[in-house]
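Visitor: In order, the protein sequences belong to chains A and B.
As numbered in the working numbering, residues 1 to 137 make up the first sequence, in order.
As numbered in the working numbering, residues 138 to 291 make up the second sequence, in order.
Watch out, some of these pointers could steer you wrong.
[To be verified] Simulated restraints, written as ranges between beta carbons of each label pair:
no. : chain 1 : residue 1 : chain 2 : residue 2 : range
1   : A       : Ile109    : B       : Ala256    : 18 to 26 Å
2   : B       : Arg241    : A       : Pro133    : 15 to 23 Å
3   : B       : Leu230    : A       : Val8      : 41 to 49 Å
4   : A       : Leu124    : B       : Leu176    : 55 to 63 Å
5   : B       : Ser283    : A       : Met60     : 16 to 24 Å
6   : A       : Pro64     : B       : Ala256    : 29 to 37 Å
7   : B       : Leu264    : A       : Leu25     : 36 to 44 Å
8   : B       : Ile277    : A       : Leu25     : 18 to 26 Å
[Claimed, not checked] Taking lysine to any residue and the SDA-like style, the derived pairs with C-alpha atoms no more than 20 Å apart in a straight line are:
no. : chain 1 : residue 1 : chain 2 : residue 2
9   : A       : Lys93     : B       : Ala210
10  : A       : Lys93     : B       : Arg172
11  : A       : Lys99     : A       : Ala115
[Claimed, not checked] Here are a few chain B residues that face chain A, going by a calculated C-beta distance under 8 Å:
no. : residue
12  : Ala177
13  : Leu181
14  : Asn238
15  : Asn255
16  : Met258
17  : Val268
18  : Ala282
These are computed hints drawn from the structure, not numbers from a lab.
Computed from a predicted model, the values in this text were never measured in an experiment.
Ideal Cβ positions, reconstructed from N, Cα and C, are used throughout, including at glycine.
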Amino acid sequence: MSALISTVRASLSYRGREGHWLWLLHRVSGLGVLLFLILHVAGMSSAFISIEIHDRLLEMYKTPLFSIGELALAFGLIFHAVNGTRIAILELKPELWQKQQLATRLAIIIVVLLAAPTIIIMALGSINAFFGPAAGH
Amino acid sequence: MTTLNASASPAARRTVRPIPQGRNRFERAMWLFMRFSGLALLFLALSHFGFQHIIVGTHRLTSEDTIVRWGLAGESITISQLFWRLYYGVMVLLAMLHGLNGLRQVAYDYLKNKTVYNAFMAAAAVLILAVTTMGVIALIVGVNASGATAAITR
Chain A
1 MSALISTVRA SLSYRGREGH WLWLLHRVSG LGVLLFLILH VAGMSSAFIS
51 IEIHDRLLEM YKTPLFSIGE LALAFGLIFH AVNGTRIAIL ELKPELWQKQ
101 QLATRLAIII VVLLAAPTII IMALGSINAF FGPAAGH
Chain B
138 MTTLNASASP AARRTVRPIP QGRNRFERAM WLFMRFSGLA LLFLALSHFG
188 FQHIIVGTHR LTSEDTIVRW GLAGESITIS QLFWRLYYGV MVLLAMLHGL
238 NGLRQVAYDY LKNKTVYNAF MAAAAVLILA VTTMGVIALI VGVNASGATA
288 AITR
């Protein structure tokens, strides 16, 4: 346990600039997406057992807790996809390592460009569902 | 001189615990798998998320949508339902294995105690493989609406 704490502390305090934060965020987002994936697949596959259970689980997806988690999922999934592509391209073409600073900045820009509208659209959908004229259904 | 150079090289400093020789073939295969499954998931997961979570939206999701895409258990399936079942089947298998291997790499870095690491990974593998099996069974069987007539009015 103390080894775990010291490793986590070291990975938070090590200053490897943006690349270090991307590495850390890649792990955190990957674990987060995996956690969601397990809950999501378990929930969706309930449909083959009984449609009533499936309906109840779908209603659970429409609660505020899940809606907030879904926004985090959107960011995590987009980040993991874009940063994973960056890693794969740099490993495939080592000569591009000279431009890795540019690749890092490019990845961050693409993540923001994809995640910002996604999160806004999803958040507006949730706000409308919870507070809009049709709320309470 | 050579030993000094070796210990001072960035690669030597980065690798805290080198991969055991016997596992190199497995690690190489997993390294490749992560790249290829990642590339496939880039399209599969992002298209699924864009369609179901952004365009349709979770708040509009009902079990009728699941019936439309998967079909009912015991009934013959349409071409589009076959497409969706294969699409989700490939995605769930790739995503779960990609996630399991990613989890293994993270656990290997942080759980230094071998017993703790083995127990954790065994539990995680059982959970992930059980949920994956459930998902694959659901995609083979289809939606079971035998107890509910109200849901299949359309």
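Visitor: Each hint: holds or not?
Guide: Status of the hints after comparison with the structure:
Checked against the hint of 18 to 26 Å, the pair Ile109(A) and Ala256(B) fails, with Cβ atoms roughly 42 Å apart. Our hint of 15 to 23 Å for Arg241(B) and Pro133(A) is violated, since their Cβ atoms are close to 48 Å apart. The given range of 41 to 49 Å is broken by Leu230(B) and Val8(A), whose C-beta atoms sit roughly 31 Å from each other. One distance hint, 55 to 63 Å for the beta-carbon pair Leu124(A) and Leu176(B), is violated here, with the actual separation near 32 Å.
Judged by the Cβ atoms, the range 16 to 24 Å given for Ser283(B) and Met60(A) holds: they are separated by roughly 23 Å. In this structure the supplied range 29 to 37 Å holds for Pro64(A) paired with Ala256(B), their Cβ-Cβ distance being about 35 Å. About 24 Å separates the C-beta atoms of Leu264(B) and Leu25(A), a value inconsistent with the hinted range of 36 to 44 Å. A hinted range of 18 to 26 Å for the beta carbons of Ile277(B) and Leu25(A) is inconsistent with their spacing of about 36 Å.
Between the alpha carbons of Lys93(A) and Ala210(B) the distance comes to roughly 48 Å, so the proposed pair goes past 20 Å and is violated. A hinted pair counts as satisfied when its Cα atoms are at most 20 Å apart, and Lys93(A) with Arg172(B) qualifies at roughly 14 Å. The straight-line distance between the Cα atoms of Lys99(A) and Ala115(A) is roughly 24 Å, outside the 20 Å bound, and the hint therefore fails. The closest approach between the C-beta of Ala177(B) and any C-beta of chain A is roughly 11 Å, which is over the 8 Å cut-off, so the hint fails.
Annotation: Leu181(B) was flagged as interfacial toward chain A, and the flag is violated, the nearest CB pair being 11 Å apart, outside 8 Å. Contact between Asn238(B) and chain A, as hinted, is not supported at the beta carbon level, the nearest pair being about 10 Å apart and thus beyond 8 Å. With a cut of 8 Å, the hint placing Asn255(B) at the interface with chain A is violated, because the nearest CB-to-CB distance is about 16 Å. Because the smallest distance between the Cβ of Met258(B) and any Cβ of chain A comes to about 13 Å, over 8 Å, the interface hint for this residue is violated.
With its C-beta approaching chain A no nearer than about 5 Å, Val268(B) sits inside the 8 Å limit, and its interface hint holds. With 8 Å as the threshold, the beta carbon of Ala282(B) comes within range of chain A, its nearest partner Cβ sitting at about 4 Å, so the hint holds.
Of the numbered hints given earlier, the model fails hints 1, 2, 3, 4, 7, 8, 9, 11, 12, 13, 14, 15 and 16; all others are met.
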